[in-house]
Amino acid sequence: MIRDQETLNVLLDTITRFVRERLVPNEALVAEKDRIPDELVAEMKELGLFGLSIPEEHGGMGLTMEEEVLATFEIGHASPCFRSLFATNNGIGGQGIVIDGTAAQKAHYLPRLVTGEIIGSFALTEPDSGSDAASLRTTAVREGDSYVLNGTKRYITNAPEAGIFTVMARTDPSRKGADGISAFIVERGTPGLSLGAPDEKMGHKGSHTCDVIFEDCRVPAANLIGEREGIGFKTAMKVLDKGRINIAAISVGVAERMLEDALRYACERKQFGKPIAEFQLVQAMLADSKAELYAARCMVIDAARKRDEGRDVGTEASCAKMFASEMCGRVADRAVQIFGGAGYLSEYGIERFYRDVRLFRLFEGTTQIQQLVIARNMIRAHNG
Amino acid sequence: MGSQARLEKHKESKNSHRSIALKILVPVKRVVDYNVKVRVKADGSGVDLANVKMSMNPFDEIAVEEAVRLKEAGVATEVVAVSCGVAQCQETLRTAMAIGADRGILVETDAELQPLAVAKLLKALCDKEQPTVVICGKQAIDDDANQTGQMLAALMGWPQATFASKVALADGKATVTREIDGGLETLEMNLPAVVTTDLRLNEPRYATLPNIMKAKKKPLETVKPADLSIDVAPRLATIKVSEPAKRSAGVIVADVAQLVEKLKNEAKVI
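Chains A and B, in that order, give the protein sequences.
The first sequence runs contiguously to residue 815 in this note's numbering.
The second sequence runs contiguously to residue 260 in this note's numbering.
Pulled out of the complex, with its shape left as it was, chain B reads as follows (with noise of 0.2 Å):
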C-alpha cells in the first residue's frame, strides 16, 4: 500500500488506529559504547577499535523504545529497525528487537559510512518499505554528525522535526514537541515524516533476558548496498583525528583583582 492510500485509509477511520497499518523504521548504529575511553590512533587516522566494546548509539535507543511504546499504544503496527555496517551490526538488531521491533534490515557493507551514504541507503529502505514515520537519534556518538535524519527527510522530501522531546501520531499528522535553544516548540506536520530523538524523550528499557533469547527467532534480512543500487564511496575525507588537548594545571590567585585580571586579559573571557 502506498503511504497517500495509506493516509487515506488513516483518515476513513479516525477511532481505530489499531485496524490501520502503521509502520515504523528505525535506524540503529553499531558505535563505541559509552563507557569506552576512546584512543586515538598513534597515526591520527581515526579512532582505535581493536577489542573496544561497542553497542546500539544511546540515541537510537531512545528511538526503539519511542517506537516501540507506539507499538504498545496500539498507534503503529510494526516497528522494523535498520542497521547499515559491518556484520557486526546484526547483534545491534538483535538488541532492537529484543526491545520490541518485530524484524531487523542489515545493510551489510565493511566500507566507511559517512552521513550521506546512510541517508541514501534508508531513502532506498523507505522506497521499499513505505515507513509512515521514521524515527533516528539525533546524532550518533561517535562521529556526532547530526546530519543523516535531516539528509533522509531531504533526499525523501518528507517534512522533519528533530530533538524531539515529544511525539504523538494521530490521523495522518505527527505532533512533535522539539528541544529548542530557547525552550520547547511544537510542530504538526503531515506523514510520512522523520522525526530525531533527543535524550529527554524516554528512558529506554532494559531489553528482558526472555525477549533477548525470544529475539532470536525474529526475522533478519542482510541486504548488500548494492542491491539498493546505492554507492557508499565516502564524499569525505578526513584529515586527522587528534585528542583533546589536556586540562594544564590551575593557579590559585591571590585576590580578586587579579582574578578578574586574569581572566580579562590571559584567559580573554571577560
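With the rest of the complex left out, here is chain A (with noise of 0.2 Å):
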C-alpha cells in the first residue's frame, strides 16, 4: 500500500542519491576496515534510515510494507552492510516490540530506535538451535520483579553495536517447544550480560555479529515484552514473516546493483574487436538474470501488498524469500562470470558482493526452511 505517491517518490529519489553519493563510494573503504566510518553512520542516523517502519506515533516513518521494499530495493544498490546496521532498527531488532511490546516498552525504547541512538538486537538462534529455533536452551526464571537469564546466543547481528537485545528464552521448563518461550527486552549493560569476540565472516565486512552471553543475568520483568509469557516464539514469527519479505527485497536491490555493474562491464569490455554484450553466450546470462529479477521484483511487491492488506502472508513471504535470495546468488555467479578472471579480482567490487549475497540463502530461515514452511503451509491448508 502506498499512501501517497508524491511523498514516496521524493523519499526514494533522497535514499536513492544518498546511495550513490555516500554509500557507494564508500563500499571499499567500509570492506577493507571492516568498519563503517563514524561520520557515515552519524549521516545514516540523520537521513532517517533508522526509523524507516517504526510508527509515526513513535517518531518514525511508519512505512507501509510496500513502501519499505521499494525504498529497500534501492538501499540494496549500495553493499549490503550498510543496510544491516539500520535494518535490524526496522525489522528483528524493534519489531518485537512495535508489534508485541506494551504501551511502556513502545514509549520507551522506539523513540531511540528511530533516531539510532540505541540499536536493536534479535537474539534468537543458539549453538545448538538454528533452523530448529523452538528447541532453544537459553532459560528465563523468574524471581520476584525480575527474571534470570542463562545461556549463549549465537551469529547475533549487530550484537557488539546493540544498546538492546530482543532475547527469546525458555520460561516454562516444561513445555519443551515454542509455548515455553517468551521474549525480552535486554539493555546492555546489564550484569550478567558478556558479547564474544566478533565472528570472522565470509563477507558482510562492517557489519558484525558475535556470541551474546546470559549469566544471571538478571531483567525486570516490565521487560517482557507484552507483559506476557509463552508467547515470545510466536512473536519471533511475527517479526521473521516480515523480516522474510525484507531479506527478499535486499536480494533483488543488490540483484539488480550486480546486473547494473555486469551489464556495464559487458558494453564496456572488448573481446574479439567488439563489445563482450554482443556475444550470445553473454547476452543470455544477462537476459535469464534480468527476467528472473523481474519475477522476484513482483513477488515482493505481491507479498508487501497483501500483508500491508492484513493477510497471512507466511506462505508468500517464504516464497519470495526463497526465490529471491536464490535468485540473487544465481546473479552473483553470472556477474562473476560476465567480468570473467577482473571477477575474481577484488578491486572491481563484483566478488564482494558474491561473497556478501551467500548470507541471504543463510540468515532469517535457510532456503530449506522456507521449503518446510511453504510446503506444510500447503499440507495444512489441504488436509483444513
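For the record, the hints were derived by calculation from the structure and aren't laboratory data.
Wrong hints could be hidden among the right ones.
[As the list claims (entries may be wrong)] Restraint-style ranges between C-beta atoms, simulated for each label pair:
1. B/Ala32 with A/Phe710: 25 to 31 Å
2. B/Arg225 with A/Glu778: 51 to 57 Å
3. A/Lys721 with B/Lys31: 25 to 31 Å
4. B/Leu189 with A/Ala473: 57 to 63 Å
5. B/Ala257 with A/Glu470: 19 to 25 Å
[What the hints assert, rightly or not] DSBU-like, lysine-lysine: derived pairs with alpha carbons at most 30 Å apart:
6. B/Lys110 with B/Lys258
7. B/Lys27 with A/Lys721
8. B/Lys206 with A/Lys537
9. B/Lys118 with B/Lys214
10. A/Lys537 with B/Lys207
11. B/Lys230 with B/Lys31
12. B/Lys31 with A/Lys701
13. A/Lys476 with B/Lys110
14. A/Lys476 with B/Lys204
15. A/Lys737 with B/Lys204
Don't be surprised by glycine CBs; every beta carbon is placed ideally from N, CA and C.
Take the two lone chains, each set in its own frame, and fit them into one complex as the hints suggest.
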C-alpha cells in the first residue's frame, strides 16, 4: 500500500541519491577496514534510515510494507553491510516491540531506535538451535520482579553495536517447544550480559556478529515483551514474516546492482573486436538474470501488498525469500562470470557482492527451512 | 506590508533580525536529473523526456539551501518555493519544502516555458508576495539559459547579484560575493533584490526522510498563468537540437616537431 505517491517519490529519490553519493563511494573502504566510518553512520542516522518502519506516533516514518520494500530495493544498490546496521532497528531488532510490546515498552524504546541512538538486535539463534529455533535452551526464571537469564546466543547481528537485545528464552521448562518461550528486552550493560569476540565472516565486512552470553543476567519483569509469558516464539515468527519479505527485497536490490555493474562491464569490455555484450552467450546470462530479477521483484511487491492488507503472508513471505535469495545467488554467479578474470579481483567489487549475497540464502531461515514452511502450509491448508 | 515599509521597520531595529518579516522567494525548476545521459529525439525537435528521471535543478537546490540557512540563522522569517511548469513540479516543491521551505506555489501549465515567460510569472508572484529577496539558481542544467534571474530583476526594477558564492543580509542590504573571471567581486545592494547562486555558495543537505514526510503537510498553492494575467507564449522557436559531434580517434605523433606542426596547421590551436 502506498499512502502518498508524491511523497514516496521524493523519499525514494533521496534514498537513491544518498546511496549513490555517500554509500557506494565508501564500499571499498568499509570492506577494507571492516567498519563503517563514524561520520557516515551519523549521516545515516540524520537521514532517518533507522526509523523507516517504526510507527509515526513514536517518531518513525511508519512505512507500509510496500513502501518499505521499495526503499529496500534502492538501499540494495549499495553494499548490503550498510543496510545491516539499520535493518535490525527497522526489522528483527525493533519489530518485536512494535508488534507485541506494551505501550510503556514502545514509548521507552522506539523513539531511541528511530534516531539510531540505540541499535536493536535480535537474539534467537543458539549454538545448538538454528533452524530448529523452538528447541532453544536459554532459560529465564522468574524471581520476584525480575527474570534471571542463562544461556548463549550465536551469530547475533549487530550485537557488538547493540543497545538492546530482543532475547527469546524459555520461561517454562516443562514445555519443550514453542509454547514455553518468552521474549525479553535486555539492555546492554545489564550485569551478567557479555559478548563474545566478533565473528570472522565470509562477507558483509563492516557489519558484525558475535555471541551474546547470559550468566545470571537479571532483567526486570517489565521487560518481558507484551508482559505475557509463552508468546515469545509467536512474536519471533511474526517478526520473521516481515523480515523475510525484507530479505527478499534486499536480494532484489543487490541483484539489480550486480546486473547493472555486469551490463556496464559487458558493454565496455571488448574481445574479438567488439563489446562482449554483443556475444549471445553473454546475452543469455544478462537476459536470464533480468527475467529472474523481474519475477522476484514482482513477488516481493505482491507479498508486501498482501501483508499491508492484513493477510497472513507466511507462505508468500517464504516463497519470496526463497526465490529472491536464490535468484540473487545466481545473478551474483553470472555477474562474476561476465566480468571474467576481473570478476575474481577485489578491485572490481563484484567478488565482494558474490560473497556478501551468499548470506541471503542462510539467514532469517535457510532456503531449506523456507521449503518446509511452504510445503507444511500447503499440506495444512489441504487437510483443513 | 509593502517592501518600503518593511525596510523602514528593518532599519528601526537593527539588532533584532528575528522580529522583522523577511521573506525569501526561491524559484525551483524541474529538470532532467544530472545523472541521466540525455538523448536527442530522432526528429531533432528536442531532448527525449519519455521515462527520464527528473529532479530539482542543482543550482536551485543551492538556492533553497541558502534560503533555509538564512531562516535557520534567524535572518529570514519565511521561505516560499515557487515552481512553474507541469503538475509533477509539485514533487520538486515538496523536495524544497522537505529541505526547509515553509510553503510552495505551483504555477501550473503544460506550455513550453521560456526564461522571459518564467520571469514574468515570477514578477507577478513577487508583486503579490512582496519578498525581500529572491534567490534563484544562476541557470538550469537543461537549457543553460542563465537569464531568468536577470530578467526578473529588470522587470522588478530591483538590483541583482548573479553567480553568488557568499550572501549576507543585514540592515536592509545584501552583501554578495560573486564569482567572476578574474576572481571574486563583492557587491552591496539595497533590498529587495535578486540573487542567483553559483556552485560554491553552499553544499545542499539531504532532505531527511522524516522531513520529507512532514513536507506533505505544508501548504502548496496552485495557480495558472491566466490567474496571474501572464501570457506565457514562447517568443523563440527551437529550430534544431543535435547531439555534440562524436570525438574522433586520436593519433600518435612521431616527435615534438610533428606535434607542433599538427597543432598549428590541423587543429589550428597555436
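Consistency of the hints with the structure:
1. Under the hint 25 to 31 Å, the C-beta atoms of B/Ala32 and A/Phe710, about 28 Å apart, fit the expected range.
2. With their beta carbons about 53 Å apart, B/Arg225 and A/Glu778 fall inside the hinted range of 51 to 57 Å.
3. Checked against the hint of 25 to 31 Å, the pair A/Lys721 and B/Lys31 passes, with Cβ atoms roughly 26 Å apart.
4. Taking 57 to 63 Å as the suggested C-beta distance range, the pair B/Leu189 and A/Ala473 does not conform, at roughly 25 Å.
5. As the Cβ distance of B/Ala257 to A/Glu470 is approximately 46 Å, the hint placing it in 19 to 25 Å is violated.
6. Taking the CA atoms of B/Lys110 and B/Lys258, the gap is about 44 Å. The hint is violated against a cut of 30 Å.
7. Among the hinted pairs, B/Lys27 with A/Lys721 is consistent with the structure: their alpha-carbon atoms are about 22 Å apart, no more than 30 Å.
8. Simply put, B/Lys206 and A/Lys537 have alpha-carbon atoms about 26 Å apart, close enough for the 30 Å limit, and the pair holds.
9. Proposed proximity of B/Lys118 and B/Lys214 is supported: the alpha carbons are some 14 Å apart, at most 30 Å.
10. Among the hinted pairs, A/Lys537 with B/Lys207 is consistent with the structure: their alpha-carbon atoms are about 25 Å apart, no more than 30 Å.
11. Simply put, B/Lys230 and B/Lys31 have alpha-carbon atoms about 10 Å apart, close enough for the 30 Å limit, and the pair holds.
12. With a C-alpha separation of about 29 Å, the suggested pairing of B/Lys31 with A/Lys701 holds against the 30 Å cut-off.
13. For the hint pairing A/Lys476 with B/Lys110, the CA-to-CA distance comes to about 42 Å; that exceeds 30 Å, so the pair is violated.
14. For the given pair, A/Lys476 sits about 17 Å from B/Lys204 by alpha-carbon distance, which is consistent with the 30 Å threshold.
15. Between A/Lys737 and B/Lys204, the direct Cα distance comes to roughly 27 Å. Compliance with the 30 Å bound is thereby established for this hinted pair.
Against the hints set out earlier in the document, violations occur for numbers 4, 5, 6, 13.
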